[in-house]
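Assemble the whole structure, with the sequences as input and the hints as a guide.
Here is what each chain is made of, one letter per residue.
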Amino acid sequence: MSATLAPAPRWARRLAGITRRSPTLAIGAAILFGFALMALLAPWIAPFDPVQADARNVLAAPGGAHPFGTDGNGMDVLSRVIAGAGWAFGIAIPAVLVGLVVGVPLGLYTGYRGGWPDEIMMRGFDALRVFPSIILALAVVAAAGPSLLNVVLVIGFLDSPVFARVVRAEVIALRGSTFVESAVSAGNPTWRILFVHILPNAIQGAMAQTAVRAAWAVRISATLAFLGVGIQPPTPEWGAMIRQGAEYLVTGQWWVGIFPGVALILMVLGLNMLGDGMQDMLDPRRKAATR
Amino acid sequence: MTPVLEVEGLEKRFPAQGGRTVHAVNGVSFTINAGETLGVVGESGSGKSTIGRAVIRLLKPDGGQVRFQGRDITRLPESACRPLRSEMQMVFQDPWSALNPRIRIGDLIAEPLLLHTKLPRGERQDRAEHLARRVRLTTELLTRYPSELSGGQLQRVCIARAIATNPKLIVLDEPTSSLDLSVRAGILELLAELKAETGAAMMFISHDLGTVKLISDRIMVLYLGGVVEYAPAAQVFAEPAHPYSQALMSAHLPADPMAVLRRHVLEGEVPSPINLPPGCHFASRCPVAVPDCRRHAPELRPVHGDTAHQAACLRIAEGANRIPELQHG
Amino acid sequence: MTLLSVEDLHTHFISRDLDNQIRTARALNGVSFSLDAGRILGLVGETGAGKSLTATSIMGLLRPPARVVGGRALFEGRDLLAMPEAEINALRGRDMALVVQSPKSSLDPLSRIGDQLIRIHRAHRKASERQARERAVQMLASLGIPDPSRRMQAWPHELSGGMAQRVLIALALMNEPRLLIADEPTTGLDVTVQAQILDLLRDLVRRTGIGAIIITHDLGVVAHYCDEMAVMYAGTIVESGPVRQVFAHPAHPYTANLIGATPERLKLGGARTVGGPPPNLFRLPEGCAYRDRCPQAGADCATSPPDVALGAGHIARCHRVAA
Numbered sequence: 001m002s003a004t005l006a007p008a009p010r011w012a013r014r015l016a017g018i019t020r021r022s023p024t025l026a027i028g029a030a031i032l033f034g035f036a037l038m039a040l041l042a043p044w045i046a047p048f049d050p051v052q053a054d055a056r057n058v059l060a061a062p063g064g065a066h067p068f069g070t071d072g073n074g075m076d077v078l079s080r081v082i083a084g085a086g087w088a089f090g091i092a093i094p095a096v097l098v099g100l101v102v103g104v105p106l107g108l109y110t111g112y113r114g115g116w117p118d119e120i121m122m123r124g125f126d127a128l129r130v131f132p133s134i135i136l137a138l139a140v141v142a143a144a145g146p147s148l149l150n151v152v153l154v155i156g157f158l159d160s161p162v163f164a165r166v167v168r169a170e171v172i173a174l175r176g177s178t179f180v181e182s183a184v185s186a187g188n189p190t191w192r193i194l195f196v197h198i199l200p201n202a203i204q205g206a207m208a209q210t211a212v213r214a215a216w217a218v219r220i221s222a223t224l225a226f227l228g229v230g231i232q233p234p235t236p237e238w239g240a241m242i243r244q245g246a247e248y249l250v251t252g253q254w255w256v257g258i259f260p261g262v263a264l265i266l267m268v269l270g271l272n273m274l275g276d277g278m279q280d281m282l283d284p285r286r287k288a289a290t291r
Numbered sequence: 001m002t003p004v005l006e007v008e009g010l011e012k013r014f015p016a017q018g019g020r021t022v023h024a025v026n027g028v029s030f031t032i033n034a035g036e037t038l039g040v041v042g043e044s045g046s047g048k049s050t051i052g053r054a055v056i057r058l059l060k061p062d063g064g065q066v067r068f069q070g071r072d073i074t075r076l077p078e079s080a081c082r083p084l085r086s087e088m089q090m091v092f093q094d095p096w097s098a099l100n101p102r103i104r105i106g107d108l109i110a111e112p113l114l115l116h117t118k119l120p121r122g123e124r125q126d127r128a129e130h131l132a133r134r135v136r137l138t139t140e141l142l143t144r145y146p147s148e149l150s151g152g153q154l155q156r157v158c159i160a161r162a163i164a165t166n167p168k169l170i171v172l173d174e175p176t177s178s179l180d181l182s183v184r185a186g187i188l189e190l191l192a193e194l195k196a197e198t199g200a201a202m203m204f205i206s207h208d209l210g211t212v213k214l215i216s217d218r219i220m221v222l223y224l225g226g227v228v229e230y231a232p233a234a235q236v237f238a239e240p241a242h243p244y245s246q247a248l249m250s251a252h253l254p255a256d257p258m259a260v261l262r263r264h265v266l267e268g269e270v271p272s273p274i275n276l277p278p279g280c281h282f283a284s285r286c287p288v289a290v291p292d293c294r295r296h297a298p299e300l301r302p303v304h305g306d307t308a309h310q311a312a313c314l315r316i317a318e319g320a321n322r323i324p325e326l327q328h329g
Numbered sequence: 001m002t003l004l005s006v007e008d009l010h011t012h013f014i015s016r017d018l019d020n021q022i023r024t025a026r027a028l029n030g031v032s033f034s035l036d037a038g039r040i041l042g043l044v045g046e047t048g049a050g051k052s053l054t055a056t057s058i059m060g061l062l063r064p065p066a067r068v069v070g071g072r073a074l075f076e077g078r079d080l081l082a083m084p085e086a087e088i089n090a091l092r093g094r095d096m097a098l099v100v101q102s103p104k105s106s107l108d109p110l111s112r113i114g115d116q117l118i119r120i121h122r123a124h125r126k127a128s129e130r131q132a133r134e135r136a137v138q139m140l141a142s143l144g145i146p147d148p149s150r151r152m153q154a155w156p157h158e159l160s161g162g163m164a165q166r167v168l169i170a171l172a173l174m175n176e177p178r179l180l181i182a183d184e185p186t187t188g189l190d191v192t193v194q195a196q197i198l199d200l201l202r203d204l205v206r207r208t209g210i211g212a213i214i215i216t217h218d219l220g221v222v223a224h225y226c227d228e229m230a231v232m233y234a235g236t237i238v239e240s241g242p243v244r245q246v247f248a249h250p251a252h253p254y255t256a257n258l259i260g261a262t263p264e265r266l267k268l269g270g271a272r273t274v275g276g277p278p279p280n281l282f283r284l285p286e287g288c289a290y291r292d293r294c295p296q297a298g299a300d301c302a303t304s305p306p307d308v309a310l311g312a313g314h315i316a317r318c319h320r321v322a323a
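Chains as they are written, first to last, in the UniProt record's numbering: chain A, 1 to 291; chain B, 1 to 329; chain C, 1 to 323.
Quick caveat, the hints were computed from the structure, so don't treat them as lab data. These numbers come from a predicted model, not from an experiment. Even glycine gets a Cβ: it sits at the ideal position worked out from N, Cα and C. Please note: incorrect hints may appear among the correct ones.
[As the list claims (entries may be wrong)] The list that follows gives simulated cross-link-like pairs (lysine-lysine, DSS-like), each with its CA atoms no further than 30 Å apart: (1) B/K168 <-> B/K60; (2) B/K168 <-> B/K118; (3) B/K195 <-> C/K267; (4) B/K60 <-> B/K195; (5) B/K168 <-> C/K267; (6) B/K168 <-> B/K195.
[Stated by the list, open to error] Some but not every residue of chain A turned toward chain B, in silico, with C-beta under 7 Å: (7) Q52; (8) A55; (9) N57; (10) G176; (11) T178; (12) F179; (13) S182; (14) A186.
[What the hints assert, rightly or not] Computed far set for chain A versus chain C, every beta-carbon distance over 12 Å: (15) L15; (16) A16; (17) L40; (18) D54; (19) E181; (20) I193; (21) A246.
Below, the structure is given as structure tokens:
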């Protein structure tokens, strides 16, 4: 049982342990790590300025100085795909934060309080669910104007019910638990019971959702851009790039739309795998089974 | 001197499925004096935990009166109860779930001090260390989280929390029931010490008769939310008057093979507290019940003129309250 | 006549932790005991001592990461641990039965009581539906369940705790097993109901001559319902023998401490009892596992203690016990 080779460092063993328990999580994390590096190092690894037009080199096929070719403005597609990673993170992360900041306290309060505030919130969420979220997002962004801030806020607000529901369910389970009763009998005021005693124990489920919700945010923002109401060209946002590329697909210049499309799919896949893995690891039943 | 706790005609109901009502506690009265421990025994559905929670206002009573140190607290709103919580504390059955898993032991012990005193942080920590030693925990445990401690250690943490603000009343809801035998003994020893030292009134709720006998001065026997017998501890064990008390005492198995069991096995099980029949609630299982028992609800009366020993049974007056013993090979 | 003889049973939990290291919890470390037909053995111990695991190991009900790594369990002379899966499956539920803890969650919630009883009977015996039904009604009646033919139609959720426990015992007894293991059969039941269930078990053993093991942490149950007792600590049996003898003259310091901690013997304000958390099965000390808590431990306790026979079947596994 004892290893005869030099023992691996602790972080390597931990990595191997996590990979063995959840390969999904490991693959997802690896993909995202790649995109994160890409986003951070974009200024150094991108061969060209992503928004520099080159009128003499419009729609050049992949090869030579432009491995992914150039688009209709003569901008380098590879550089734009690389820069797009930064935009994707720049929308997804703040959007998820907005969702958490709005959704978590809502779920916390209504779950603990119950009664009519809870009833009103749940009915409100049901009403929201009737509309496909993309239609709502379209309507709001179209009305408020297609700025980055508006896109982030709209996606965040639309996402907050997800976090509110998850937290609410946890709070309802915890509300009757003995340690909450013990906190009440010790004389804790309600705010302390909510934020000191319940929140740290109820947040896990919401945190496990963040990666999946980030994937959703990336998708929605790309969809908005594709429909022309989100981030506007020539900003190197993948959705906007796919919209441009779609026009050229029929005339045979496939590379303009396909490369950002592949990047988008990969990132959404990576986030979803990470999210699945996180939920697996945080699921107490699964944890108990493998302990 | 006013008793620490006076309870009169306490009632508590819970809504059940289909618009029905569970009558959990039905007109329970008792008092506890400073330095005294009242043992509360009964089987599931007897309402013993509900009573414990109602007297320290974790639940709102539906009827009757609860007076704490002479003050009526029956209908106080939660915000008005909060300052009182430093003087009445509770220890719960399952120490594994009674402590917030994300808070360090030291902060858990110091929490009541944070909530009820203006002590600075450093002083609170000193007090927490003192309290930890008081319940015989090593102070190195103070920086750990609850999941790193054993059940016995966790229950000591709960007790330290409960005594942190020198309460006048401590409700102990089955504090040893989920612990192993040898650990249980240590907790009982600790509670006995605290009882002698702090002079707090204690309400010790348990279904384990052996444990209750050890620690209680007086005992209240409950059946379906009502008191059937209320007497000094030794008397309840030596000569239980109510037929249910007799059956309960005889069903207890002392951990001694040479002890002779007086067996009266009861037929059936505790009926549902949803549709309580009129009259004596025990009549449906009672071997000595007569038709009158099903018509008139008996009240607590002194047994043979002894006001310290009270029981609620019509048949005591006629001397017909002894239930037959079971012959066993 | 010896019905079951367990010899030097070892069961380990082998798993990998988050750091990818293999961890071994030595849960059972040489469990040995025997049970005669017509007798009741009380297997006592505190949390984590390995009582339930002993039962599931013998019955071939272990699931990974738990694994039997050594020893024998002879049931009427045949080693249960060396048996192929199919063979032990045929024995289980027919010749030997386990009544598991928590009666409410152990019944199939989607079948009526009667169907469950009939199903287990016909799985092991050639019987017609009608014969099986008759037998089931008889069985329920013999367990003191009122109005048994109507109860056959009941769903598990309609039963009280005591009733569910009786039905579980009925399920275990449907095929007239010769060995019955009841794991905490009365835990969570009210005392007045506990007495009914235990009386039933004892009458059954006396009447039919089967062998029974009651797994419990309650010394009161052992004192009044068992013939022999075996005390477990950290996966070994530290002391075993006739109940009255062990209670009167506990030989192992752990047993003595355990019996001294019962409310009947406990003197509040007297000497402190030695209690502590269950031992860490990942890091059991060499030699006697109780030595770090034992008031009588000496240097020799670092080596494996011998089984000392004290006469009349009374055995203690301890260096300090003189034969």
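Verification of the supplied hints:
Restraint check for B/K168 and B/K60: satisfied, since their Cα atoms lie roughly 20 Å apart, inside the 30 Å limit. For the hint linking B/K168 to B/K118, the alpha-carbon distance of about 20 Å falls within 30 Å, and the restraint holds. Taking the CA atoms of B/K195 and C/K267, the gap is about 15 Å. The hint holds against a cut of 30 Å. Of the pairs offered as hints, the one joining B/K60 and B/K195 holds, with about 28 Å between alpha carbons and a cut-off of 30 Å not exceeded.
Using a Cα cut-off of 30 Å, the hinted pair B/K168 and C/K267 holds, with the two alpha carbons roughly 26 Å apart. Only pairs whose Cα atoms come within 30 Å are accepted, and B/K168 paired with B/K195 is accepted, the gap being roughly 11 Å. Interface restraint check: A/Q52 against chain B, minimum CB-CB distance 51 Å, threshold 7 Å, status violated. Annotation: A/A55 was flagged as interfacial toward chain B, and the flag is violated, the nearest CB pair being 61 Å apart, outside 7 Å.
Residue-level restraint check for A/N57 is violated (minimum Cβ-Cβ distance to chain B is 58 Å; threshold 7 Å). A distance limit of 7 Å between C-beta atoms decides the matter here; for A/G176 the minimum to chain B is near 11 Å, and the interface restraint is violated. At about 4 Å, the closest approach between the beta carbon of A/T178 and any beta carbon in chain B falls short of 7 Å, and the interface hint on this residue holds. A cut of 7 Å between beta carbons decides the hint on A/F179: the least distance to chain B is about 5 Å, and the hint holds.
At about 5 Å, the closest approach between the beta carbon of A/S182 and any beta carbon in chain B falls short of 7 Å, and the interface hint on this residue holds. Below 7 Å, beta-carbon pairs count as interface contacts, and A/A186 has one with chain B at about 5 Å; its hint therefore holds. With a least CB separation of 8 Å from chain C, A/L15 falls inside the 12 Å interface cut-off, contrary to its annotation. At roughly 4 Å, the least C-beta separation between A/A16 and chain C is not larger than 12 Å, which violates its mark as non-interface.
With a closest Cβ-Cβ approach of about 28 Å to chain C, A/L40 is found to remain outside the 12 Å limit, as its non-interface label requires. Look at A/D54: its CB is around 51 Å from the nearest CB on chain C, clear of 12 Å, so calling it non-interface holds up. The claim that A/E181 is not at the interface with chain C holds, since no C-beta of that chain comes within 12 Å of its own (minimum 21 Å). Consistency note on A/I193: stated as away from chain C, and its beta-carbon is indeed over 12 Å from all of that chain's, at 30 Å minimum.
Once the 12 Å rule is applied to beta carbons, A/A246 is consistent with being away from chain C; the minimum gap is 46 Å.
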